[in-house]
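Spelled out from the first residue to the last, the chains are:
There are 4 protein chains.
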Amino acid sequence: MTTEAQSSQSVKIAYLGPQGTFTELALRDLAKKFELDAEGLPCLDVPTALKKVASGEADRAVIPIENSVEGGVNASLDALARTGNLRIIAETVIPIDFCLVVRKGVKAEQVKRVGTHPHAWAQCRNWVAENFPGASHVPATSTAAAAELLTGDRYPGFEAALCNRVAAASEGLETLASGIADNSQAVTRFVMVAKPGVLPAVTGADKTTLQVRLPDNEAGALLSMLEQFSARGVNLSRIESRPAGGPLGAYEFSLDIEGHILEQRVQAALVGLHRTCPQVKFLGSYESASGHEVKVLPGTSDQAFEAANDWIASLTEVQ
Amino acid sequence: MTTEAQSSQSVKIAYLGPQGTFTELALRDLAKKFELDAEGLPCLDVPTALKKVASGEADRAVIPIENSVEGGVNASLDALARTGNLRIIAETVIPIDFCLVVRKGVKAEQVKRVGTHPHAWAQCRNWVAENFPGASHVPATSTAAAAELLTGDRYPGFEAALCNRVAAASEGLETLASGIADNSQAVTRFVMVAKPGVLPAVTGADKTTLQVRLPDNEAGALLSMLEQFSARGVNLSRIESRPAGGPLGAYEFSLDIEGHILEQRVQAALVGLHRTCPQVKFLGSYESASGHEVKVLPGTSDQAFEAANDWIASLTEVQ
Amino acid sequence: MTTEAQSSQSVKIAYLGPQGTFTELALRDLAKKFELDAEGLPCLDVPTALKKVASGEADRAVIPIENSVEGGVNASLDALARTGNLRIIAETVIPIDFCLVVRKGVKAEQVKRVGTHPHAWAQCRNWVAENFPGASHVPATSTAAAAELLTGDRYPGFEAALCNRVAAASEGLETLASGIADNSQAVTRFVMVAKPGVLPAVTGADKTTLQVRLPDNEAGALLSMLEQFSARGVNLSRIESRPAGGPLGAYEFSLDIEGHILEQRVQAALVGLHRTCPQVKFLGSYESASGHEVKVLPGTSDQAFEAANDWIASLTEVQ
Amino acid sequence: MTTEAQSSQSVKIAYLGPQGTFTELALRDLAKKFELDAEGLPCLDVPTALKKVASGEADRAVIPIENSVEGGVNASLDALARTGNLRIIAETVIPIDFCLVVRKGVKAEQVKRVGTHPHAWAQCRNWVAENFPGASHVPATSTAAAAELLTGDRYPGFEAALCNRVAAASEGLETLASGIADNSQAVTRFVMVAKPGVLPAVTGADKTTLQVRLPDNEAGALLSMLEQFSARGVNLSRIESRPAGGPLGAYEFSLDIEGHILEQRVQAALVGLHRTCPQVKFLGSYESASGHEVKVLPGTSDQAFEAANDWIASLTEVQ
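Chains as they are written, first to last, in full-length UniProt numbering: chain A, 1 to 319; chain B, 1 to 319; chain C, 1 to 319; chain D, 1 to 319.
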């Protein structure tokens, strides 16, 4: 009975697998923060993880969305915008560094080829060039997959793998180096996604994620879109152009703005976008991982909007 | 009984007098348009006419507001903005040309000095220089007053007066020339003012008049104010800077915008002004004299606003 | 010989007369500042004064350009913009207050009618209403003319005149009250005008006066014009809309900007205006009366422009 | 002797190898267009190819810069901005579709695993899911590398490879399907890079590529940057935000604008950027692959700039 009760309360969370990836680290972090009894469902790729939420097979998904070195995670941004009706409800930021692992007993001088995901390779290239000059890259589908291949019996085509500390702790592996990162400040931002339902509450330190398609002409249209925000004192914290899917040169914009959809200045800006852009997708309002309180400019508080609305009402009511 | 009934229905309209001014012509024009049984109350100046409405002594006031040659009528713009709580409810545009009148029997070659209001003089100066070279100006408090002085017994200090066709028709005067105007397109715009009450209905060809004080810094603040309009597709049809009353260099702006306060794009722009400007005075929404339908840009119709508001509601309602 | 030498050095300055007006006060102020041996040529109106400079009859003209209570002096703004090729080379600001004068022996209780220029009347109306209730206005062509009429033998139609302290000192007059002004901060700004020639030097506290006609559409065009300034960090210190002379609703803008045409950010803004506006008139660069140093924003100094131009040159020069 | 002469005229072009990639197709296309006797130097990655040009080992490099499905090629954008002093001198656009190849004799029903570069996999995923349900991805360092592995003796871990038509033509391979692309309009844009020297001539259909770092605050700064272009009528054809390399949330922008650095409106916009942004990198002006003539807005032609400069000169020259 207890088991049943627990299992009925446990939350199924799809994520970019396999086990041992940075995404699983992020999932654990978010589960702890929200005190969720999380059951992880590793998925092959981001679109698969999102589809599991859309179909109801999973309650949540955790996916990487932005890396401080590589930029937006294109596959995640695009999948999120295209998979119908999903909402970001939380985010977390995870420092990214790597371990170089080998099978137990393998010596540093034996390392000629290094297996890992291409993104991990891109973030450790300089370190490898310096410490293992001449070592070449063998691509793997994930950092965890590279580590796992080393634990098997067969030679996977490389002597060492770059993976995170969780995967490095697998049985049969030995860590030659840890804390590896060409850029020591490298972090990745992960988001937790759910179907629409209860909106996260306004905390005063919130972000709202949007995907916006602009009308025809590019330059003037981007300026006009940004003015819809500035006219209401809404600040942008991220902007990414993404190909709209048709011919080269047609873009959508993936945006994070400061503020929550339950705040009036954000609603006013969204009304402006909805009126003037052919497509606006609302992808969620949620507390920012930084927890920094949003600076509300003079004349853009909910009180300022209410006072203005009261004034309009007083002008238009007829005695 | 009939008389009583009529008098109880007659509308008292204060105006910039005396009788026979262009303002009285405008009053007659507006009274006819609105089928008012108008009783004109000539006033010494515009502030006096407006005060009569504010105090209830008059039901309406008619005042000149803008001349196509001289620009905004400063005294009217300022008085309207400062006299508490009044609203423009209608406007009319009157072509401005003048008659040169003399006492019966006076000959053209006897005309050495011309009495008239300084604004009238400014608009006929070239014509006088050409037709009565050497004739000088004697200022009068109005064009009608100049004409009236000629009908008296005493020599008023001038042989001829420049006045409108109504005053020129006074007994004892002779018209030496008519249709006089250095600029043949000259017109003056007059407005009818009332205390707040029933708003004129939306006609689709409406204007809204505002007086706006900007926050501190001039240049950026004016740009920001104009962006509050452009972000909602609201066009300006007039802008006048007026001294704010303190030191040189502090301005307010007198504006006409296209649209009616009962239209949502206008309300949204006014909300933006109210939030960001230290003072916004609403001076009325009313049908424009031109009757030209306001061009509503894509995404700025009431329907577009309602669709956007419905979208926001669908995003924020919690299942 | 000495006399000849002096007369050859004296500078003929046309001004809005007659003698004893505030404009003459401004002329004396400017002559002293520039150590000019000035010979004043009083003129009937502003256009006449400007024409004397254009024709060479006068070397300079001094005219009122802006009043802190009434706003821009329309006749001056328009005349300056239309009289071909003249340049403002200096400005001064004069406090405006009035004296109430009567013929010697006339008592306060005898004052029923007050002669003065309409602008002076507008600035003293409240004071008169309080101190001489019931006294009415008799318009005069200038404050000085009103005072002078009182010195004659004939009754000029009024018992008292409002004029400045210079005119009040005329023989035969008595001052009943002085320092009269409804607004105690009232000042008028006057400018000195010359034919193009030596530009005033850059002082760091300079203004540039322009008259700009906008392309067709009003609202967007005004925004675009202001952006030409803000894109170069140039601040506006005055903006006046003036009727363009054709139908109602077509405007030109009279502008003062902070900075000198010999500064690069001002040149860049003027290039932008010249490219995009159908007409731009340069009416002079000159030291501001306030002497306040212009705040040069980061990236808008001459050094910043030169560094940018050097960079462009380095990119386009071909080895 | 002939050989020597030829080799002295041949142009060494580094590119993202190995032989048989789409980048090599682009290289051949560009070599033909410019009639170059090209010697291709395949490189492991984009930074290596660019370094060969910077060091003088190669005369040119050809790299992919933007994909119509995946967006900007991050590694190329970043490497180009960071590798000192290189310039794009030409571009070409190549349609992207794939062949599915196997070792001769292998049957479609034997295909369980497909080797290819992750980007190729992303662009064919749906096609594979439909035609080879259950087949999984084995990452390779390039599409050509995957094909080459199939030509060897050893089993490379997959039965089929996705590669381009050049690589598919290798001896020992058989093409099971060609023209494969989830998005049939998919294209990739490639650029040819050289050290600064002779600028490509102005053709009227040119682009200029820039990398711009904004001052501190994000939202307002982006708006200001875009206004530097719009104030000169310069249109953007591409904008990508790229992480600036430090903490999450600091961006640079990779831009393509319409026009050539030898055109004055482009120079004026670049001067504006140089003055107001902490870092602007000029990455080249070159003819666009589309060949579409740039639409020059009224007031932004070289003639308009010259007329404006002449006007300024006439105002500032002293007689």
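None of these hints come from the bench; they were simulated from the model. Where a beta carbon is used, it is the ideal one built from N, C-alpha and C, also for glycine. Take the hints with a grain of salt, since some may be wrong.
Stated by the list, open to error - To spell it out: a stretch of chain B is covered by chain A in this simulated footprint if at least three of its residues, at any positions, have a beta carbon under 8 Å from a beta carbon of chain A; those stretches are: (1) 37-50; (2) 103-117; (3) 173-179; (4) 261-273.
Stated by the list, open to error - Computed list of lysine-lysine pairs in DSS-like fashion (alpha-carbon distance at most 25 Å, straight line): (5) B:K112 / C:K112; (6) B:K32 / B:K51; (7) A:K112 / D:K51; (8) C:K52 / B:K51; (9) A:K12 / A:K33.
Evaluated hints:
1. For the stretch 37-50 of chain B, the assignment as covered by chain A is violated, since 0 residues bring a beta-carbon within under 8 Å of that chain's beta-carbons and 3 are needed.
2. With a cut-off of 8 Å between beta carbons, the stretch 103-117 of chain B has 0 residues touching chain A; three or more are needed, and the interface restraint is violated.
3. Coverage of a stretch by a chain is defined here by at least three residues with a beta carbon nearer than 8 Å to that chain's beta carbons; for the stretch 173-179 of chain B and chain A the count is 0, and the condition is violated.
4. With a threshold of 8 Å between beta carbons, the proposed coverage of the stretch 261-273 of chain B by chain A holds, since 7 of its residues qualify and at least three are required.
5. The hinted pair formed by K112 (chain B) and K112 (chain C) fails the criterion: a straight-line CA distance of about 29 Å is larger than 25 Å.
6. Restraint check: the Cα-Cα separation between K32 (chain B) and K51 (chain B) comes to about 24 Å, which is no more than 25 Å; the hinted pair holds.
7. A hinted pair counts as satisfied when its Cα atoms are at most 25 Å apart, and K112 (chain A) with K51 (chain D) qualifies at roughly 23 Å.
8. Taking the CA atoms of K52 (chain C) and K51 (chain B), the gap is near 44 Å; set against the 25 Å cutoff, the hint is violated.
9. Annotation: proposed proximity of K12 (chain A) to K33 (chain A) holds, straight-line Cα distance about 16 Å (limit 25 Å).
In summary, the structure is inconsistent with hints 1, 2, 3, 5, 8 from the numbered list given earlier, while agreeing with the others.
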